[in-house]
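Once you've looked at the hints, dock chain B with the ligands against the given chain A.
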Amino acid sequence: MNLDVDFMLSDLPTVFAALPSTLLLSLDSMFWALVFALICGGAQLARIPVLDKVTLVINTFIKGIPLVVQLLFCYYAVPYAVKWFDALVGRTYDPRHLPYFGAAVLALALNFGAYITDVVISSTRAVDRGQWESAYACGMTRFQALRRVVAPQVIVISLPNMTNYFIWLLKGTSLASIVNVTEMLTTARLSASDGYQFLEAYIDAAIIYWIVCAVIEWASGRLYRSAGRYLVAPNGATAQ
Amino acid sequence: MTELSASAEATPADAPVVSVRGLKKSFGGVEVIKDVSFEVSQGQVLSILGPSGSGKTTMLRCINALERPDSGLITVDGVSLDYGKGKPRYRDILAQRRKTAMVFQHYNLFKNKTVLHNVTEGLAVVQRKNKQEAEAIAGEALEAVGMSGLEDRFPMHLSGGQQQRVSIARALALNPSVILFDEPTSALDPERVNEVLRTMKDIASRGVTMIVVTHEIRFARAVSDTVIFMDGGRIVEKGAPDKVIDHPQTDRLREFLNSLASREFE
Ligand SMILES: Nc1ncnc2c1ncn2[C@@H]1O[C@H](COP(=O)(O)OP(=O)(O)O)[C@@H](O)[C@H]1O
Ligand SMILES: [Mg+2]
Numbered sequence: 008m009n010l011d012v013d014f015m016l017s018d019l020p021t022v023f024a025a026l027p028s029t030l031l032l033s034l035d036s037m038f039w040a041l042v043f044a045l046i047c048g049g050a051q052l053a054r055i056p057v058l059d060k061v062t063l064v065i066n067t068f069i070k071g072i073p074l075v076v077q078l079l080f081c082y083y084a085v086p087y088a089v090k091w092f093d094a095l096v097g098r099t100y101d102p103r104h105l106p107y108f109g110a111a112v113l114a115l116a117l118n119f120g121a122y123i124t125d126v127v128i129s130s131t132r133a134v135d136r137g138q139w140e141s142a143y144a145c146g147m148t149r150f151q152a153l154r155r156v157v158a159p160q161v162i163v164i165s166l167p168n169m170t171n172y173f174i175w176l177l178k179g180t181s182l183a184s185i186v187n188v189t190e191m192l193t194t195a196r197l198s199a200s201d202g203y204q205f206l207e208a209y210i211d212a213a214i215i216y217w218i219v220c221a222v223i224e225w226a227s228g229r230l231y232r233s234a235g236r237y238l239v240a241p242n243g244a245t246a247q
Numbered sequence: 038m039t040e041l042s043a044s045a046e047a048t049p050a051d052a053p054v055v056s057v058r059g060l061k062k063s064f065g066g067v068e069v070i071k072d073v074s075f076e077v078s079q080g081q082v083l084s085i086l087g088p089s090g091s092g093k094t095t096m097l098r099c100i101n102a103l104e105r106p107d108s109g110l111i112t113v114d115g116v117s118l119d120y121g122k123g124k125p126r127y128r129d130i131l132a133q134r135r136k137t138a139m140v141f142q143h144y145n146l147f148k149n150k151t152v153l154h155n156v157t158e159g160l161a162v163v164q165r166k167n168k169q170e171a172e173a174i175a176g177e178a179l180e181a182v183g184m185s186g187l188e189d190r191f192p193m194h195l196s197g198g199q200q201q202r203v204s205i206a207r208a209l210a211l212n213p214s215v216i217l218f219d220e221p222t223s224a225l226d227p228e229r230v231n232e233v234l235r236t237m238k239d240i241a242s243r244g245v246t247m248i249v250v251t252h253e254i255r256f257a258r259a260v261s262d263t264v265i266f267m268d269g270g271r272i273v274e275k276g277a278p279d280k281v282i283d284h285p286q287t288d289r290l291r292e293f294l295n296s297l298a299s300r301e302f303e
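As given, the protein sequences belong to chains A and B, one line each in that order.
Quick note: the first sequence, position 53, residue 60 per this note's numbering, numbers continuous.
Quick note: the second sequence, position 258, residue 295 per this note's numbering, numbers continuous.
One chain only, chain B, in its complex shape:
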């Protein structure tokens, strides 16, 4: 594990929690992430917009090493993996992954475990907390996402929105340095979208650092500190939401925003 030493100009207080430098990734010879760099500071929300196939999911999965980049330096809360130097050690990958948590598009709750045990599992197995401690933390996390009282249900017995809120509780309970969201509302029935977006907004207001891949423009504008627009594996625009969403500089982003707006009238 490489501990990043605080350089002269960056004190630990304003050092980024997540830093991605020169990230590249290809699948079968096709480069889907082409030299992407960005940073996220403590307590900030970064939203990532972009058309389907632009590499958003792949980039997110590189940050918790579910995907192995071809090159690039990724640092999460002081734990760095330099993929330019070849395959990192498994224990370093684990160390970095344990600084993150992920909310998947299809929730991916542990099917065979109850709501409570979905949340306590990582606490018990990975963080080695005892039963009482794990259940107390899980209780708080479930409370935060409005799922108290459903602890004994299996995922299959919940709506999509409820499952996604449990998966947010599971991420939150691990107390990670950053939570990664991959289109958390895309698989939901329209009437379930808002309950999840509200939950995410609550989480953001607690000062949790978040990277959110989303097509929910209004959410991105209301909650993010920074918005990135990706297309073809590159960052095309980046900045504050009122700048990127309300004053797009490129035709590609304008087209993309128009296509999202027109979607609602189809």
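Isolated chain A, as found in the complex:
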């Protein structure tokens, strides 16, 4: 069997054209994952009664189930949810308009949100208590201390881990192809199905994933070095 290099090259733009939908799905999911993680992490850090335990249990539950299972669960649950919602607002249920994109976002956001919760918690705890105390001693409220002093440091500390999870999530969106969401991998599969040149199309997809992830990692590294320049002593040693 020979690799059809011509097809590989000619198919590259087709696969590449689906990159925006992969990025959209990734960013959308990452946004909600962060929201979820901030709620869970915040509840646990602030020891909000009941909510801290509830989020802890939910997170172990989410982490204990494979992403594929969560995607499939959301996929099959969507029609029921929509049917129920349509009945609630008095709309006619139309199976042609099921929000599968939303189902994929939900599954990805919960799954990654559970992991990112740990990043939020560990990064916040990594900020020295003295930073809170000197903010309080200056007369700041808890919220002012968080917003002006602690959170900016938490963001810098968490950036490398967040980037890793985002890259992982971006690749995780390829699983959304099993729930009817047309992203890059689905596009590659469809473009190859005429001539059965699946390997070529998948190589195209792999190359694009790789380049995108490399660019993200590079940009994040640059951002970390500039936003975290206060961590670097003149002799080049990094604190923390």
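It is worth saying that the hints were derived from the structure and are not from the lab.
All residues carry an ideal CB built from backbone N, CA and C; glycine is no exception.
Pair by pair, the computed Cβ-Cβ distance ranges are:
| no. | chain 1 | residue 1 | chain 2 | residue 2 | range |
| --- | --- | --- | --- | --- | --- |
| 1 | B | Lys-168 | A | Asn-171 | 29 to 39 Å |
| 2 | B | Arg-235 | A | Val-42 | 43 to 53 Å |
| 3 | B | Lys-168 | A | Ile-46 | 28 to 38 Å |
| 4 | B | Gly-123 | A | Gly-109 | 48 to 58 Å |
| 5 | A | Ser-233 | B | Ser-185 | 20 to 30 Å |
Anything over 10 Å on all C-beta distances counts as not near chain A; from chain B, calculated:
| no. | residue |
| --- | --- |
| 6 | Gly-197 |
| 7 | Arg-235 |
| 8 | Pro-285 |
| 9 | Asn-295 |
Selected chain A positions facing chain B (in silico; Cβ < 10 Å):
| no. | residue |
| --- | --- |
| 10 | Asp-135 |
| 11 | Gly-146 |
| 12 | Thr-148 |
| 13 | Leu-238 |
Here is chain B with the ligands on its own, set in the frame of chain A:
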């Protein structure tokens, strides 16, 4: 907020800036502050001496409510918190805290902010001063501690002595009624101690009210109006520095002063 009304015998002019009455604090059932009372008047410097674990830090942290006393009445420049009546309201705690500023043993500068922004932060966020105003005040404060010209450095790029002087500028800029110092030179390299002590002496000569926990006996003698010796959570001796430091009345204080003196020959 309870405004202390000036009583008949105490006119506002000689009313204490800081007044601590019957302060008690325990951690996990162990009482570390046992009924401590004292006062500090406007422009005075109070030094607190005492062995490690005697409760000096805890007492200082009670004065700006970083620690919540079990009981006692603490008044700072007219703002009173009576801990005997249960948990004070958060806004009262904030009001009292904003009358104070603190210089920590480990400086605790905001790591991610430059020297200038360490000083302007409280002015902008807490006192709601605009940028020009805050920077003008910060410039003066940094000048006063001899840190002009290093405004754009991050704390990590400064020596310990420089960081501590910035933290003094940060406290000074807030124009508090009292500045609390918790062993400000204990974490410094020996050759950095004097620059910080000199800065503190300058600040004291400006008429700033200060409470200083320190092991620097010569500084305490030269700069303080009153010295307190604490041991086991109580005030054991209290008085003018020449009385307390040069003529200790108790064996405990004599032992403590001897141990500090012998430290230098080890
Ligand atoms: N947050 C805390 N939790 C439990 N014990 C504490 C805490 N802070 C201080 N202590 C205890 O209180 C006592 C007095 O401590 P501290 O005020 O730091 O003394 P000093 O500053 O005079 O060395 C010590 O025995 C210390 O172990
Ligand atoms: Mg101490």
